[in-house]
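Protein chains: 2
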Amino acid sequence: MIRAALDAMGADGGSEPLVQGAAQISLENTPIHVVLVGDRDALHAALKRHRHDSNRIDVVHASDYVRMSDKPAATLDARPDCSILRAAELVASGGADVLISAGNTGAVIHAAARSFQRLNGVQRVALCAVHPTVEPHGPKRDPFGLMLDVGATLQCTAEELAAFARMGSCYSRLISHIEAPKVALLSNGCEPTKGTDAVVQAHALLRAGGDLNFAGNIEGLDVPRGTADVVVCEGFVGNIVLKMLEGVSDAARDLARNAHAAKLRYRLGLALLSSGLRRVRELTDWKQYGGAPILGFDQPVIKAHGRSNARAIRNALRLAAKTVQRGLVDELKKSLTR
Amino acid sequence: MIRAALDAMGADGGSEPLVQGAAQISLENTPIHVVLVGDRDALHAALKRHRHDSNRIDVVHASDYVRMSDKPAATLDARPDCSILRAAELVASGGADVLISAGNTGAVIHAAARSFQRLNGVQRVALCAVHPTVEPHGPKRDPFGLMLDVGATLQCTAEELAAFARMGSCYSRLISHIEAPKVALLSNGCEPTKGTDAVVQAHALLRAGGDLNFAGNIEGLDVPRGTADVVVCEGFVGNIVLKMLEGVSDAARDLARNAHAAKLRYRLGLALLSSGLRRVRELTDWKQYGGAPILGFDQPVIKAHGRSNARAIRNALRLAAKTVQRGLVDELKKSLTR
Chain Y
1 MIRAALDAMG ADGGSEPLVQ GAAQISLENT PIHVVLVGDR DALHAALKRH
51 RHDSNRIDVV HASDYVRMSD KPAATLDARP DCSILRAAEL VASGGADVLI
101 SAGNTGAVIH AAARSFQRLN GVQRVALCAV HPTVEPHGPK RDPFGLMLDV
151 GATLQCTAEE LAAFARMGSC YSRLISHIEA PKVALLSNGC EPTKGTDAVV
201 QAHALLRAGG DLNFAGNIEG LDVPRGTADV VVCEGFVGNI VLKMLEGVSD
251 AARDLARNAH AAKLRYRLGL ALLSSGLRRV RELTDWKQYG GAPILGFDQP
301 VIKAHGRSNA RAIRNALRLA AKTVQRGLVD ELKKSLTR
Chain H
1 MIRAALDAMG ADGGSEPLVQ GAAQISLENT PIHVVLVGDR DALHAALKRH
51 RHDSNRIDVV HASDYVRMSD KPAATLDARP DCSILRAAEL VASGGADVLI
101 SAGNTGAVIH AAARSFQRLN GVQRVALCAV HPTVEPHGPK RDPFGLMLDV
151 GATLQCTAEE LAAFARMGSC YSRLISHIEA PKVALLSNGC EPTKGTDAVV
201 QAHALLRAGG DLNFAGNIEG LDVPRGTADV VVCEGFVGNI VLKMLEGVSD
251 AARDLARNAH AAKLRYRLGL ALLSSGLRRV RELTDWKQYG GAPILGFDQP
301 VIKAHGRSNA RAIRNALRLA AKTVQRGLVD ELKKSLTR
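First to last, the protein sequences are chains Y and H. Position 330 (the first sequence) corresponds to 330 in this note's numbering; numbering is contiguous. Position 127 (the second sequence) corresponds to 127 in this note's numbering; numbering is contiguous.
No wet-lab data here; the hints were simulated from the structure. All values derive from a computational prediction rather than experimental measurement. Take every hint as true, because none was put in to throw you off.
In silico PhoX-like links for lysine-lysine, alpha-carbon gap of 20 Å or less:
(1) Y/LYS334 - Y/LYS322
(2) H/LYS194 - Y/LYS243
(3) Y/LYS194 - H/LYS71
Please work from the sequences and hints to get the whole structure.
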């Protein structure tokens with residue numbers, strides 16, 4: 001049985017979807033025991049509202065929690081009994097195997113950094129994200145690519161980018177079953193000489209290393225296309241790119257909605273298209289995907305989206321279990337020392 | 001009469017659309033005299049194919065030109081009689097008022113740098129681009145925002161970013177008639193402390209300057225939304241963002257096309273939607289927009305898209321004329337010394 005420490009506070013929708021997701025998982029045939037970390041009374045009250053197997057859910061009390069708008073480091077200093085710190089400590093002490101949170105991303109990274117060690121060869125950790133692509137990936141034809149870093153490490157050295165490439169490849173191989181994931185550096189041109197100094201040097205390092213299926217540089221065009229399985233960039237660029245994809249998706253939805261309101265003819269057209277649009281929406285719906293890892297610590301960490309519903313939490317818990325079952329941390333260690 | 005030096009070689013579609021655009025402009029009631037720079041025989045032959053006013057078009061010979069795939073600096077060294085160098089020299093010597101090219105972007109920047117001076121306060125020049133937005137901009141409700149830099153200067157200091165902000169604001173005010181353009185820095189968060197070191201420092205500089213309508217930082221989400229009139233970023237980020245927007249647009253078109261092929265029902269839906277889709281396509285069609293400036297030189301430079309058709313060239317020539325009529329360079333000087 002895998003023990004998952006779930007920070008059950010501070011998500012956009014409060015504790016309810018988190019408890020509900022954990023309750024649903026407890027009734028499934030998945031070898032996961034969930035430890036809900038947060039306000040004891042609130043969590044027990046929420047558990048009463050959802051059918052669950054009480055042999056597979058525990059509650060560990062934490063008297064406080066980090067809000068989405070809080071400054072991460074200062075808040076952790078000020079609130080030592082907050083849920084994310086308690087959840088991370090539980091994993092560090094061996095009381096759980098994997099950390100999951102849908103709360104303040106910066107606080108998750110800081111809390112992990114206080115309780116866990118960084119792996120050898122890792123100076124800075126990377127926050128991963130999946131993004132929708134036209135090209136499918138791997139044997140399951142997953143319509144998503146992996147991108148890292150998307151905001152944990154804003155500015156990177158070449159060595160840090162190379163470590164991200166190795167960790168991203170390792171994760172993609174283990175979790176998406178892609179035998180030799182195509183890894184690429186995001187740059188302003190395909191030639192090895194294109195990019196910032198760090199990107200140019202990282203290109204040379206990865207080319208010389210020879211241990212990855214390194215596809216060289218890709219351009220902005222290739223991100224939605226899905227040319228690579230793993231896209232590597234510094235956090236500043238990754239954050240902008242990822243949020244822009246969200247923005248484009250919102251813009252397309254708004255345009256469709258306005259057209260819809262404007263004319264009956266459009267409404268008819270949209271109705272006829274709707275099953276197709278539904279499929280596209282399904283493909284790009286982050287709620288299906290439980291979350292993405294923070295890579296570089298000696299314990300597995302899964303960050304779920306702040307707006308996760310119960311289904312997303314269920315998927316995050318399944319993903320968390322996979323990282324333990326497949327020995328992600330040991331595999332990361334190997335990939336970094338190659 | 002404004003004299004426009006049009007580098008008539010090296011665009012994706014060859015000289016034909018360039019000559020055709022110039023021919024069409026010569027018959028219009030626009031005070032532009034076009035100097036076509038390139039292979040004399042080829043350009044005269046092309047002119048014969050398009051009705052034009054020969055009093056308003058000249059040809060200046062250049063025996064060679066830069067290809068799209070050429071390395072800019074080395075090629076300019078090797079081919080001193082190439083069309084972009086000759087066109088830039090013509091402007092520098094007073095033989096023309098503005099430089100326009102649809103050729104190799106790097107070669108345009110390098111040729112301009114060899115013939116022109118940088119303005120006081122400009123260490124590095126900026127390539128601008130327009131990008132489609134949901135929110136309209138300015139009194140003409142232009143569905144485009146301005147972004148700079150998108151590839152001329154990959155890595156920037158804070159001072160360079162601040163100069164880009166001033167120049168972008170000035171250009172937007174003069175050309176789009178926006179009285180006090182909203183200028184923003186693209187970053188990974190809205191707070192003044194978010195971003196790379198250069199972005200954080202540029203934020204402080206612009207806030208302290210007080211001469212612009214500085215809206216602070218915007219995030220990736222705000223790019224397609226169009227929150228700001230002028231988006232400022234370093235060239236590495238701008239290039240990736242811009243190409244990603246192209247990639248998303250291609251992806252959406254492909255998805256629509258596949259849906260179209262797949263089912264009669266989709267086809268019917270698309271047909272009903274087509275007038276709406278056509279409007280969206282029109283709004284986001286770069287061919288309508290002639291080009292975007294390279295800002296920072298003491299002469300105006302317009303870069304048209306490599307794939308420009310005759311209509312885009314006509315618009316680029318009109319835009320070039322506006323930069324001269326409205327005294328862009330003098331206004332840039334004023335905005336930089338404030």
